[in-house]
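Novice: The chain contents come next:
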Amino acid sequence: MANGYAGKILKVDLTTKTIGEIPTSQYEQWGGGHGMGSAIFWDLCEDPTVDGTDPKNVVTIMAGPLSGTLASGAAGRTEVQGIGLQSMPRGWFTRSNFGGRFSTHLKYAGWDGIVILGKSDKQVWLNIVDGKVTLEDATSLWGLDTHATQQKIWASVLGAPPAGNWDTLGTTRDSGRSTQRPAVLSAGPNAEKFGPWASLVHDGGNGAGQGGFGGVFASKNLKAVSVLGTGGIEVADPNALMQARTWLMGYAVAGNWDNQGKNVAGNWPLPANPGTASSFPKGTALRPQGCAGCVRMCRCRSDKIMGNDSMCVDFFTTAGATPEVTVVWTDLMQKLGLNAFNLVGLFPWLRGLVAEGAIGKGKAIDSSLPFEQMTSVAFGVDLMNSIVNQTDIGKDLALGLWQCAQKWGRLDKDLATGMLPLQEWGYVHHYDGRTEAEWGYGCLLGDRDINEHDFNWICYWTPTIWAAYGMTPLVTAQRMAEIMSKQMIPYSDEPNLIDYSDAGIYSETMAKTTAWHRHYTRYYKQALGFCDWNWADFVNPYGPDFVGATSIGEPKFFNAVTGKNQTFAEGMEIGRKIWNLDRAVWILQGRTRDMEVFSDYMYDVAATAKTPGIPYEMPYTMPVFENGAWSYKSVAGRKLDRQKVEDFKTLFFKLEGWDTKTGWPTRKTLEDLGLKNVADKLQGAGKLGAA
Amino acid sequence: MMACSLVHHGQVNYSLSRIQITQNSFAAFPNDISMAMCRQCPFPACVEVCPTGACHVDTANGNVRTVDEAKCIGCERCVAACPFTPSRAIWNGADKHAQKCDLCADTPFWNEKGGPGGKQACATVCAMKAISFTKDVPVQGADTGYNVDLGSTSKVWQGFGFNVG
Amino acid sequence: MALKKVGREEALRFTRVVESDELRLPGSQIAAGAGGVFVTFGSLAEVEAFLVPTTPEEILASGMQGRLNHLDPPSLAMWVRDMIGDSELADALDEVVASGRAFGLLVPEMKELLAERLAQCEAVLAEE
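Protein chains in written order, with my numbering: chain A, 21 to 711; chain B, -16 to 148; chain C, 225 to 352.
Chain A with its partners taken away, still in its complex shape:
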């Protein structure tokens, strides 16, 4: 059927070792990726209140209809979901995703996704070659790093190390041929020992980093999943897909080689590689590289191998080490399958502890790590190995950052100052909810650091650079607001959706912005796989009158592949449905509105340089609407007001049709979304929102 779907989802029960199928049609209304993953979790997880290491945890690894197609900046992602090990005070039902070529091969093998249930009695890896699915002995792989594991699996699947020729998979001449290496997703060595830190790594550095899914895998005695597909996916309108691709290239350097100067706004016209390139030692020869179907190429391959497929925070952005040191650390981090973002938070915390004299040989927190040389190769290597092997402070760190701080008796104190930068749910502070409000709220009302840069680049980073260098902005704040309002269907009648003023961040329009973001990301980015490094495209210097591709581009690709006639508004409504379903799971897991509070420093600490000694944020310049006019203004130095955040939550709950007392969806909201069964289950648990 030419609609972008393979037609079936693989279901693997590790306890009984049975391999089954779920017809994709059963879940097609959810789009793919996260939508299907949440719906499948809802149906198959007997008890979402269990710990993530419990065999009852259900893990989904989902592709979508656009995976493996030419849908630009959307073909390469794979979405992983399940009960995580990282968040506190409990592991929420959570998500992570990764790029590369895994979802492509999954689709070509004939599967729209994988569902993993139970726990194997022996250490195994899952081997998928087209329709042939087997569980293989992983005893010899269990203690290997992610890179060694993948290469061993390649040789195992192909019968020999890849030789660059056509391999025949199967026994007949027509049983499928490929020149490709299997796409493998692997946990690190003995990942059960550092579960809350453990990521899943595909190829050199495509990581499902947050959530502790490497630990979840290990708890199921699962080391890795390998997939090789020799088949294909029919597309509804191939010509329309080709035209959509070239259309989108017009919004990027890919279609504007002779006009590359326009890079002062919009995050993705250029390949992102100059930034990644600067993470490598000078003189390293590099090429840009991208995931399947991408137009942007955000990572690199180097002539030193170390750092291949890594980018951004993989390069230890907070450690202050030189590129020569960093690239060694990055390589090790990927091999060990450690959450790079946890390391981003760990370095400032350790530096604070050192400055306080609280950590070191013979100190209150006794450690033999070379803290006098925190930017040396040895420090990073020893630190990471200590976590993986539970030696020195690694024994406590391996519990998770929050848990470690709790054990050291420092949790409350360090969250009060922000020295331990965990903004919410025990996740490392990424973008600051005191300045970029929709980011903070999205994290708080969800399950993790959102890591969704849709507003961040345009409203936060770009104006900040303009201001830091005294530049004339490419677009005025008013124009930016106009462009974005129009794209933020169904809230397009609101002119002030990007008002980040002191009043704006607590307003009903910010509630709409936050809601829009939740719905957009749940559907377009996490169900259909539109990549965060390419989408949303709000303001684009190559767009007509600076208007980017969002709200036009997403349906263009979806409809070309699936043959449907779905509007952007319809997609947003599916996103709202997915978001409500996720909310229902968290509620069954015990979520109440009282739990939804930031760490103390977000309310009590004004992060400015004028009050040195505490976390400080540079002058973030954002669009504000004040005194009847738009402007870009520094909003750094804000503290959040506890009561105003509570009032905001009330506004948000009301907007979403949730009980304002509890934050629980009401029956009407759920039934209007076609989720009567969800309402019934919440009611049975005594957790349905009152109307």
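By construction, these hints were calculated from the structure, which means they are not laboratory data.
Any given hint could be a false lead.
Claimed, not checked - Below 20 Å or equal to it, Euclidean Cα-Cα: the simulated EDC-like pairs (lysine to aspartate or glutamate) are:
1) B:LYS112 <-> A:ASP278
2) A:LYS383 <-> C:ASP245
3) B:LYS96 <-> A:ASP257
4) B:LYS102 <-> A:GLU376
What the hints assert, rightly or not - Sample of chain B residues facing chain A (criterion: CB under 8 Å; computed from the structure):
5) GLY(-7)
6) GLN(-6)
7) VAL(-5)
8) ILE2
9) SER8
10) PHE9
11) ALA10
12) PHE12
13) PRO69
14) SER70
15) GLY76
16) LYS112
17) ILE114
18) SER115
All figures in this text were calculated on a predicted structure; none of them were measured in a lab.
In this text, a Cβ means the ideal position worked out from N, Cα and C, and glycines have one as well.
Fit chains B and C to the given chain A structure using the hints.
Specialist: Chains B and C in isolation, oriented as in the chain A frame:
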């Protein structure tokens, strides 16, 4: 690869692609990516060995070497004869015939004129302009026959700040 | 902007790292894709290394991997005066700040001043 299979067959399928790109994340640049496209050899071995003339020089389409699928008997001599690894003539196990790069002369699923005088799908979709059609025949001699341009002379790559060594 | 030469005692004082109970200078390092990270400095050398002259084109061209190292210039001058005790350097920094230009445009001059002072100190201390 996706574009090639899409415009020829209406599906995205690496195994049906007449251009093959393989990647190894654990190799050093420039050996991390291998590009295998048909050289349109001046003395094509695939044409020479074909017993039915299915694999032939298409004089109506700028002399592109291509397979007339209706005449293919599935002997795969063309696949074996290709001097390059992986073979540029490939076997389509679903439809049971050989096929090869025809420079998009026959793309039923794409509304663009192809062939040597027209557009090629792979070059059209390549975001890095890595693929282009050329009439300057390179020196033919195994896989080392091409002067590989690693972008050292490309102002675009230099403009990105890429040091290609 | 030539700073006066320093003696040995001053060189030792100006190149010191502040004690753990003394005030460190705060800064913020933002990697566009990763957010702002609080960092602190205990010496002139650390501050000098942190300041990276760049252009907005370079940062924006790096997309979400762009990085900007930021500190508050008036706070820098104050810290140099109060903690490091180098009032001449602090005055020179104040003068740069008084120009009213945007932060990014001040970085090369601030860095140059710090580097100049550090080079002077190094030369004096090497004479022994």
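Novice: Determine for every hint whether it applies to the structure shown.
Specialist: Okay, the hints, checked on the actual structure:
At most 20 Å may separate the alpha-carbon atoms for a hinted pair to count; LYS112 (chain B) and ASP278 (chain A) meet this at roughly 12 Å. Taking the CA atoms of LYS383 (chain A) and ASP245 (chain C), the gap is near 16 Å; set against the 20 Å cutoff, the hint holds. A C-alpha spacing of about 17 Å is found between LYS96 (chain B) and ASP257 (chain A), which places the hinted pair at or below 20 Å, so the restraint holds. At roughly 66 Å between alpha-carbon atoms, LYS102 (chain B) and GLU376 (chain A) are farther apart than 20 Å, so this suggested pair is violated.
Interface hint status for GLY(-7) (chain B): upheld, as the beta-carbon distance to the closest one in chain A is roughly 5 Å, under 8 Å. Taken as an interface hint, GLN(-6) (chain B) checks out: its beta carbon lies about 4 Å from the nearest beta carbon of chain A, inside 8 Å. Against a cut-off of 8 Å between C-beta atoms, the interface hint on VAL(-5) (chain B) holds, since the closest Cβ of chain A lies about 5 Å away. Taken as an interface hint, ILE2 (chain B) does not check out: its beta carbon lies about 11 Å from the nearest beta carbon of chain A, beyond 8 Å.
Look at SER8 (chain B): its Cβ gets to within about 4 Å of chain A, closer than 8 Å, so that hint holds up. Here the hint on PHE9 (chain B) is kept, as its CB sits about 6 Å from the closest CB of chain A, short of 8 Å. About 7 Å separates the beta-carbon of ALA10 (chain B) from the nearest beta-carbon of chain A, less than 8 Å, and the hint is met. Hint status for PHE12 (chain B): holds, given a least beta-carbon distance of 4 Å to chain A, under 8 Å.
At a threshold of 8 Å, the smallest CB-CB gap from PRO69 (chain B) to chain A is about 5 Å, leaving the interface hint in force. Interface hint status for SER70 (chain B): upheld, as the beta-carbon distance to the closest one in chain A is roughly 6 Å, under 8 Å. Satisfaction of the interface hint for GLY76 (chain B) is found here, the shortest Cβ-Cβ separation to chain A being roughly 3 Å, below the 8 Å cut-off. Nearest Cβ of chain A to the Cβ of LYS112 (chain B): about 6 Å, under the 8 Å cut. The hint holds.
A least Cβ separation of about 12 Å between ILE114 (chain B) and chain A goes past the 8 Å threshold, and the interface hint is therefore violated. A least Cβ separation of about 12 Å between SER115 (chain B) and chain A goes past the 8 Å threshold, and the interface hint is therefore violated.
Going down the numbered hints, you'll see the structure goes against 4, 8, 17 and 18, while the others check out.
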